[in-house]
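For this one, chain A is given, so just place chain B on it according to the hints.
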Amino acid sequence: MSIYKNSILFLTFLFSFFIGNGQNAIELIDSLKTKSVNVEKSLIAINKDLKNYAITPINKAFLLEYKADLLKQEENIYEAIKLYQKSYENYASVKNDSLQIKVLNKVSDLYIKVEDYSSAISSLNLVEKLLESTTANNNFTSSRYFVNMAKMYFKIGKTKKAKKHFLKSLKLANKNNRIELLHQHYLDYAQFNLDTKKIDSALYYANKTLIYSKEKNNKILKANAYTLKGVIYEHEKDYILAEKQYQDAIIVLNNIGSNTAHEYKKLGNFYTQVYLYDYANENLLKAERKIKEIDDINELENLYHDLLENAILQNKTKKAKYYLKKYDSIADIQAKTIQKNKIHYINERYGIQQTEINFLNDRNTLLKKENELINQKRIAKKNRLINIIIIALLIALGFTGYQYYKYSKLHFEKSNIQLKNTVLRLQMNPHFIFNSLTAIQNSILKNDQLKSAELIAIFSKLIRQNLDFSNKKSISLDDEIDMLTNYLETQKFRFNNIFNFTIDIDKNIDSEETQVPPMLLQPFVENSIEHGLKHIDKNGKIIIKFVKIEDGIHISIQDNGIGRKSAALNNKNNDDKDKIHAIKIFKERLKIRQKKEIDNFVIKDVLDKKKRVVGTIVEFNLMD
Amino acid sequence: MNSVIIEDEKNAQEALLNMLSLIDKNIKVQGVAENVIDAIELINKIKPDVIFLDIHLKKGTGFDVLEGIEDYNGQVVFTTAYENYAIKAFKFSAFDYILKPINPTELKETLLELKKAATKKNEFKKMLEVYKQNTDKDKEPQIVLKTLNNQYIINIKDIIRCESDGAYTKFHLKNKTYLTSKNLKHYTEILSEYNFIRTHQSHLVNSIHILRVNSNNFVELKDNSQIPVSARKKTEVNKQIKALNS
Chain A
0 MSIYKNSILF LTFLFSFFIG NGQNAIELID SLKTKSVNVE KSLIAINKDL
50 KNYAITPINK AFLLEYKADL LKQEENIYEA IKLYQKSYEN YASVKNDSLQ
100 IKVLNKVSDL YIKVEDYSSA ISSLNLVEKL LESTTANNNF TSSRYFVNMA
150 KMYFKIGKTK KAKKHFLKSL KLANKNNRIE LLHQHYLDYA QFNLDTKKID
200 SALYYANKTL IYSKEKNNKI LKANAYTLKG VIYEHEKDYI LAEKQYQDAI
250 IVLNNIGSNT AHEYKKLGNF YTQVYLYDYA NENLLKAERK IKEIDDINEL
300 ENLYHDLLEN AILQNKTKKA KYYLKKYDSI ADIQAKTIQK NKIHYINERY
350 GIQQTEINFL NDRNTLLKKE NELINQKRIA KKNRLINIII IALLIALGFT
400 GYQYYKYSKL HFEKSNIQLK NTVLRLQMNP HFIFNSLTAI QNSILKNDQL
450 KSAELIAIFS KLIRQNLDFS NKKSISLDDE IDMLTNYLET QKFRFNNIFN
500 FTIDIDKNID SEETQVPPML LQPFVENSIE HGLKHIDKNG KIIIKFVKIE
550 DGIHISIQDN GIGRKSAALN NKNNDDKDKI HAIKIFKERL KIRQKKEIDN
600 FVIKDVLDKK KRVVGTIVEF NLMD
Chain B
0 MNSVIIEDEK NAQEALLNML SLIDKNIKVQ GVAENVIDAI ELINKIKPDV
50 IFLDIHLKKG TGFDVLEGIE DYNGQVVFTT AYENYAIKAF KFSAFDYILK
100 PINPTELKET LLELKKAATK KNEFKKMLEV YKQNTDKDKE PQIVLKTLNN
150 QYIINIKDII RCESDGAYTK FHLKNKTYLT SKNLKHYTEI LSEYNFIRTH
200 QSHLVNSIHI LRVNSNNFVE LKDNSQIPVS ARKKTEVNKQ IKALNS
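Chains as they are written, first to last, in numbering that gives the first Met the number 0: chain A, 0 to 623; chain B, 0 to 245.
Please note that a few of the clues may not be correct.
Only pairs whose alpha carbons sit at most 16 Å apart, straight line, appear in this in silico EDC-like list of lysine to aspartate or glutamate [stated by the list, open to error]:
id	chain 1	residue 1	chain 2	residue 2
1	B	K131	A	E235
2	B	K145	B	D95
3	B	K58	A	E233
4	A	K547	A	D477
5	A	K450	A	E488
6	A	K318	A	D277
7	B	K58	A	E235
8	A	K595	A	D550
9	A	K236	B	D63
10	B	K58	A	D536
11	A	K154	A	D194
12	A	K325	A	E300
13	A	K236	B	E66
14	A	K547	A	E512
15	A	K215	A	E179
16	A	K71	A	D108
17	A	K197	B	E66
18	A	K85	A	D68
19	A	K196	B	E128
20	A	K491	A	E525
21	B	K57	B	E40
22	A	K547	A	E596
23	B	K57	A	D536
24	B	K57	A	D237
25	A	K196	A	E233
26	A	K112	A	D68
27	B	K9	A	D536
28	A	K47	A	E26
29	B	K58	A	D237
30	B	K173	B	E162
31	A	K163	A	D187
32	A	K243	A	E233
33	A	K154	A	E114
34	A	K197	B	E128
35	A	K285	A	D295
36	B	K44	B	E69
37	A	K196	B	D135
38	B	K138	B	E128
39	B	K44	B	D70
These aren't lab readings, by the way, just hints derived from the structure by calculation.
Bound-form chain B, shown alone:
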């Protein structure tokens, strides 16, 4: 696996280099760049399998680098010290990211996942679009759903519900379903701000699609499905639905 490191602080470059050599002999760092222009040139030349990309760079940001490269069909892993707003948007756009100082175990896991996933040409451009979409308050919020062999951009309001399937999550839209490789907890965390309600251990429901809660402890949704509400969650769900309707 070939990689490059785009990072403006020397110590952070070295730390990542040293850590990579300690945890995975198969990953080779082919180059390092610290500003936007050099980074673009390096990536275009090497076409690495993975880019480790810091947000803060000299004379610009990691996003400027992504905007500048073309025909890249590898993976992007953001590395960042502290960037609250960015991390939220990373989750929606399905970008991989690790926090600095880097936890070696986390780095190992990320590398494992990267090896499993297949990428398509210029996939990152779509993710970048969604990233930008989600940092712009005026725009319709979207999410990238990564399935085993593809990725889809979806308007959050079109999601009716999500269902847990082991380590995977099944997304139900009007006429479609998607099986994604992240668990329901991940999506509960990021979607709760868009009024998604966890009605049950295995179910996350978009409240704008709820018709009513019936007497058998099921919520009825606009697509005619009925989703169980667990006994423990019943009062909480009722409260949330009331709050949303008022």
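This is chain A alone, in the form it adopts within the complex:
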């Protein structure tokens, strides 16, 4: 029904243009804009009008510019550049300075986007010349000009000049009371400050814009400000705040029905940064859905790269292979279109230059230029090809190398030896040792003589067990539990009884006869305390269970701490790396037993009825 309605509307004003003889391009553009006709139909309408031989240069320029705007929206950058250039020529022919400046700014933006800096600079130089000669009030356009210049200077590493231009743009926009524009500039300037490590300033400007956007209820600006703040906080390792900003940006954009692909991707990458791979995966998949909605192949390529990385980090080989395939196929299509576009673009430029040269009628220059351009074209093509080949080779090599390394017997042998060396280090975290000793020292200073004596005895027993067990392949479950108890008692004392623990053993398990690898559970108990319970101050609880299953034991370690996510976000001390390292070693130890026990290993959040995180649980099976 609505399609039908739309086409009627569309036909109506198509008709009206024929009657109106295409006299006023602005009217067409306005009506296309206000009636929000889709891009395809808008393009048809514009093309019809462009073909009208009676069209005046200024109207033609308007239409070309608008068509380019539409193509830019569609990410058809090279075509957009071409049209902006044509539009500029038409504006130039009627000597309309301010419109020339406007379109030159737009085209220089795109040149920067495709990293053609020399063309960008020449467009911006034209802007500068126009600004000097014109008497009209061009402050609006010139503030954008300064932003573009600033970005360019930053790209080529001239930070001071970049800053100067940014400041000029802010001053101009402010002077002219273009407040919304000023705030767009603020965001650019904040990003620049972040890039040059001036965090305070970056935050200051992002906040300024955020406040303004809230006041004026400008949603897009608000979302952009949130995202930028997220990036800033992430950079500062303030993960809790960063996460919140990204989520706020998504909420704002969802409210106005805007596409949130970019924001989900940011959030996903952010979670990867803080090792929360499952959260990362979830958000990247959301981003995938959103990107498919807008059909942006570029973004999709990047996204599959991220998903691939995520799968590799999680050791999920099947998934990694799947995403590698997807990434490859897209990269392939992508490479072909980019190549085609680039050649097309170079051809186009070549064409423009050739007419110029013909006009000059200088045969020598022509020959030289021609050679140079053909060369350029060849090199561009060659470079692109070489790059693609190198990247593909590297990925293939890296991946096979990784697989080979992982499964090679040599590595197996090596990791066996390494493990023996790391066991000791893994079990006794120096922080734990010295802080426990400090706690014992305090008990002595408080004159608590018997207590102190007892603590020294418990701690000594723990060290003795550690020395005895760490070079054994297996110990009895009884011994393992005894040591775990000593460890937990010491930690409990160190943290002033902020937690309690229980160890439940299924009565069908013969704990004296059952053999287990020594100190297998300790890293998880340590994580529960150091990352979960330490932060809740009291009433902490650790429940360790050994349950008899067919051919083995099911082991679970559950706590009521702050949960994996909060722990990771809370963490600024980089303990996470140790944590990840400990889990890796644990997995290796299971793998060496070659009983496929690793398949049942999970770490997950414990959720209450309202799906709030109320702790963490680790589960795995040990087979006989």
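Same frame as chain A, but now just chain B:
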């Protein structure tokens, strides 16, 4: 002397409190904080003469606290259980630090030194800068030299040589010398990783400034000074210089 304790483990807080009251009646602990935000507030309010500061804190680190406070003109003593990387950087940035469990004798000595030293406003900010500089591998390594009434930040590559002067050490740079209050052994330990060579009981030389070793058992340096090489060290010095030049 007023002090505050910034420490996230209750037992460690109490241990330090108890120990301080046993060894020095003049030092008063005016407050205790266990996370970054509370710590900043406490320090800004009390403006203590000394901050005892743990690296590991709830929701952040001791460095976050230092970044957060302003206009503080007292002393900072880091307390840490185990932090290899930090301890090295502490030495270069001239931060005082004590290890946990704390040795009462060491604590006493540190307090004595604190009383002797004068501090300038926001001196710790400069030290923090150098600390960060030295934990970042891409940056030019620097060192803080504390003299009797001032402190200077110096690029390590600009040091030509150091000379022992009793319990003090004299640093020779291109056009300047500094007399610092730590002995040559201290600097030999930390500077040897930057290819400084102890040519003599009283001399530590930056090898990048060595021109040659002459036949009279002296090393000639780029600033035209000649530094003796002790007979015992001769072969070792020659070996080191060879290794550096190859």
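Quick rundown of the hints versus the structure:
The suggested pairing of B:K131 with A:E235 holds, with an alpha-carbon distance near 14 Å, which does not exceed 16 Å. A hinted pair counts as satisfied when its Cα atoms are at most 16 Å apart, and B:K145 with B:D95 qualifies at roughly 12 Å. At roughly 15 Å between alpha-carbon atoms, B:K58 and A:E233 fall within 16 Å of each other, so this suggested pair holds. For the suggested pair A:K547 and A:D477, the alpha carbons sit about 15 Å apart, so the restraint of at most 16 Å is met.
With a C-alpha separation of about 13 Å, the suggested pair A:K450 and A:E488 falls inside the 16 Å cut-off, and the hint holds. For the proposed pair A:K318 and A:D277, the alpha carbon gap of about 13 Å is at most 16 Å, so the pair holds. With a CA separation close to 13 Å, the supplied pair B:K58 and A:E235 stays within the 16 Å bound. Annotation: proposed proximity of A:K595 to A:D550 holds, straight-line Cα distance about 13 Å (limit 16 Å).
In summary, the hint linking A:K236 to B:D63 is supported, as the alpha carbons are separated by about 11 Å, within the 16 Å threshold. With a C-alpha separation of about 14 Å, the suggested pair B:K58 and A:D536 falls inside the 16 Å cut-off, and the hint holds. Taking the CA atoms of A:K154 and A:D194, the gap is about 11 Å. The hint holds against a cut of 16 Å. Taken as a hint, the A:K325 and A:E300 pair is honoured in the structure, with Cα atoms around 8 Å apart against an allowance of 16 Å.
For a cut-off of 16 Å, the pair hint linking A:K236 to B:E66 stands: about 14 Å separates their Cα positions. With a C-alpha separation of about 13 Å, the suggested pairing of A:K547 with A:E512 holds against the 16 Å cut-off. At roughly 9 Å between alpha-carbon atoms, A:K215 and A:E179 fall within 16 Å of each other, so this suggested pair holds. For the proposed pair A:K71 and A:D108, the alpha carbon gap of about 11 Å is at most 16 Å, so the pair holds.
In summary, the hint linking A:K197 to B:E66 is supported, as the alpha carbons are separated by about 14 Å, within the 16 Å threshold. For the proposed pair A:K85 and A:D68, the alpha carbon gap of about 13 Å is at most 16 Å, so the pair holds. This hinted pair checks out: A:K196 and B:E128 have alpha carbons roughly 14 Å apart, not beyond 16 Å. With a CA separation close to 11 Å, the supplied pair A:K491 and A:E525 stays within the 16 Å bound.
For the hint linking B:K57 to B:E40, the alpha-carbon distance of about 15 Å falls within 16 Å, and the restraint holds. A C-alpha spacing of about 15 Å is found between A:K547 and A:E596, which places the hinted pair at or below 16 Å, so the restraint holds. A hinted pair counts as satisfied when its Cα atoms are at most 16 Å apart, and B:K57 with A:D536 qualifies at roughly 11 Å. Taken as a hint, the B:K57 and A:D237 pair is honoured in the structure, with Cα atoms around 13 Å apart against an allowance of 16 Å.
Taken as a hint, the A:K196 and A:E233 pair is honoured in the structure, with Cα atoms around 13 Å apart against an allowance of 16 Å. Proximity of A:K112 to A:D68 is assessed by CA-CA distance (about 15 Å); at most 16 Å being required, the pair is judged to hold. At roughly 11 Å between alpha-carbon atoms, B:K9 and A:D536 fall within 16 Å of each other, so this suggested pair holds. Of the pairs offered as hints, the one joining A:K47 and A:E26 holds, with about 15 Å between alpha carbons and a cut-off of 16 Å not exceeded.
Of the supplied pair hints, the one linking B:K58 and A:D237 holds, its CA atoms being roughly 9 Å apart against a limit of 16 Å. Between B:K173 and B:E162 the alpha-carbon distance is near 14 Å, which keeps this suggested pair within the 16 Å criterion. For the suggested pair A:K163 and A:D187, the alpha carbons sit about 13 Å apart, so the restraint of at most 16 Å is met. Note on A:K243 and A:E233: the hinted pairing holds, with a Cα-Cα distance of about 11 Å set against a maximum of 16 Å.
Distance check on the hinted pair: A:K154 and A:E114 sit about 9 Å apart at the alpha-carbon level, within 16 Å; holds. Under the criterion of a C-alpha separation no larger than 16 Å, the hint pairing A:K197 with B:E128 is consistent with the structure, at around 15 Å. Proposed proximity of A:K285 and A:D295 is supported: the alpha carbons are some 14 Å apart, at most 16 Å. For the hint linking B:K44 to B:E69, the alpha-carbon distance of about 11 Å falls within 16 Å, and the restraint holds.
For a cut-off of 16 Å, the pair hint linking A:K196 to B:D135 stands: about 14 Å separates their Cα positions. A distance of roughly 11 Å separates the Cα atoms of B:K138 and B:E128; the hinted pair therefore holds under the 16 Å criterion. At most 16 Å may separate the alpha-carbon atoms for a hinted pair to count; B:K44 and B:D70 meet this at roughly 11 Å.
Hint violations for this structure: none, all hints satisfied.
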